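In order, the protein sequence lines correspond to chains D and P. Just so you know, we're using our numbering here: the first sequence kicks off at 31 and counts up by one. Just so you know, we're using our numbering here: the second sequence kicks off at 104 and counts up by one.
I should point out that these hints are in silico values taken from the structure, not numbers from a laboratory. Bear in mind that the values here come from a model prediction, so they are computed numbers and not experimental data. Built from N, CA and C at the ideal position, the CB exists for glycine as well. Check before you lean on any hint, since a few could be wrong.
Within a straight-line C-alpha distance of at most 27 angstroms, the following computed DSSO-like cross-link-like pairs (lysine-lysine) qualify [unchecked claim]: (1) Lys93/D - Lys60/D; (2) Lys145/P - Lys187/D; (3) Lys183/D - Lys107/P; (4) Lys137/P - Lys187/D.
Footprint (simulated), chain P over chain D, 3 or more residues, beta carbon under 8 angstroms [claimed, not checked]: (5) 82–91; (6) 248–257.
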Amino acid sequence: MAGTVQCELCPTECVLENYQVGGCRTRINKDGTLYSLVYGKPCAVAVDPIEKKPFYHFLPATKAFSIATAGCVLGCKFCQNWQISQASPEDVDHQNLPPADVVRQAMFYGCRSITYTYTEPTVFYEYMVDTAQIARQFGVRNTMHSCGYINEKPLRKLAKLLDAADIDLKAFTEDFYSRICGGRLKPVLDALVVLRQENVWLEITNLVIPTLNDDPKKIREMCGWIVKNLGPDVPIHFSRFFPYYKLKDLPPTPFETLKDALKAAQDAGMRYAYIGNIRTEAENTYCHRCRKLLIERIGYHVQQINLTGGKCRSCGTAIPGVWS
Amino acid sequence: MKIKRREFLGFFLIGSLVSLVLNKLGLRRTERPKEALFWRRKV
Ligand code: SF4
Ligand SMILES: [Zn+2]
C-alpha cells in the first residue's frame with residue numbers, strides 16, 4: 031500500500047492509490063501526497079444579492095461576492111448546478127483567481143461578504159480557508175452555502191473564519207441521503223451542531239421534493255430536532271423543487287405542500303420559517319413577538335427594512351441575526 | 104485585527120495593479136499544485 035493516502039476532509043474518507051482522484055473529483059494522490067485540483071480555479075464567479083444564498087437574517091440588501099469550483103462531495107439526483115458540481119475540474123472553464131484577488135474583487139464590487147457556494151465549498155476547502163483569512167483581515171465577511179457533509183476537525187477550523195452558513199438539510203431520513211444523494215444524514219446533523227457551538231450564524235434550507243421528502247410527519251420531526259438541538263431562532267427556508275437533472279419526472283412542489291411545511295415548522299416552535307423559489311408573503315420576515323413586518327422581500331429584492339440596531343421598530347425585540 | 108489605511112491601500116490598489124500586470128503578461132503561476140489539508144498516509 032506504499033503511497034496510499036486517506037482523505038479526512040469529508041465523511042466519505044476516500045482511500046486513494048497513487049494518481050487516484052477522490053469521489054469529489056477535486057483531490058488527487060500524487061506520489062503519496064494529497065493535492066487539491068481546484069485551488070484558485072473558480073468556475074463560477076458572480077456578484078449576487080445575499081438573499082439569493084439564501085440568507086434572510088444576515089446583512090440584508092447587501093451584495094455577496096460568490097465563487098465556486100467544480101466538484102461536490104455528494105451526488106444529489108436533483109442538483110440544480112449539476113453541470114459544474116458533477117464535473118471534473120478539467121471539464122469546466124475556470125478563471126485563475128488567487129485568494130487575494132477574490133478579496134480585492136469583492137471590495138471593488140462593494141460586496142460586504144464573500145460566499146462560497148453554487149457547488150460544494152468543502153471540495154475547495156484550502157482555497158476557501160486562504161481566501162477567508164485574507165477577507166477577514168480586510169473586514170469582508172465570509173459565508174458559505176454547503177451541504178454540511180464535512181468532518182468535525184476541518185469544520186471547526188473553518189468555522190473560526192466563517193460569519194454565516196446556510197446548510198442544506200435535504201431530508202430527515204438516512205434512506206433519502208443514501209438513495210438520492212449518495213451520503214448520510216448523521217454527519218450533516220453533527221455539522222449543524224458544530225456550527226451552532228462555534229457561533230456561526232446559521233440558516234437551513236430544505237428543498238421539498240414531491241413524494242421523496244414531503245411527508246409532513248418527517249418534516250415535523252426535522253423541525254422538532256432543529257428546535258431541540260439548534261434553538262428556535264435558526265431560520266429555515268422551504269424551497270420549491272423544480273424537475274431537474276435526474277428527477278425530471280417529478281412535478282414542481284405544490285404550494286400547499288410548502289405551506290404545510292411552513293406550518294409544521296411554526297408548530298414545532300421555529301420562529302422564522304420561509305418559503306423560497308415562489309413569490310409569496312412567506313418570503314417576508316415578521317417579528318416573532320409582535321408579528322409586525324420587519325423585512326419585505328420580493329424575490330431577492332428587499333423592499334423595506336423595519337429594524338433599528340437589529341431590533342423590531344414596533345416592539346423593540348432583538349431579532350436574531352447579523353444586521354451590521 | 105484592524106488594518107491600517109496604508110495597508111488597505113497597499114493591498115487594494117497596488118495589489119490590483121500587480122495582479123493586472125501579471126495577468127496581462129501571462130505571468131501568473133497557476134499550475135503550482137496546492138497540498139491538501141486533512142489527509143494521512145496509509146501504512
Ligand atoms: S473530500 Fe473528496 S477526496 Fe476527500 S473524502 Fe470527501 S470525496 Fe473523498
Ligand atoms: Zn416586534
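To see whether the hints hold, each was checked on the structure:
no.	hint	verdict
1	Lys93/D - Lys60/D	violated (39 angstroms)
2	Lys145/P - Lys187/D	holds (23 angstroms)
3	Lys183/D - Lys107/P	violated (33 angstroms)
4	Lys137/P - Lys187/D	holds (18 angstroms)
5	82–91	violated (count 0)
6	248–257	violated (count 0)
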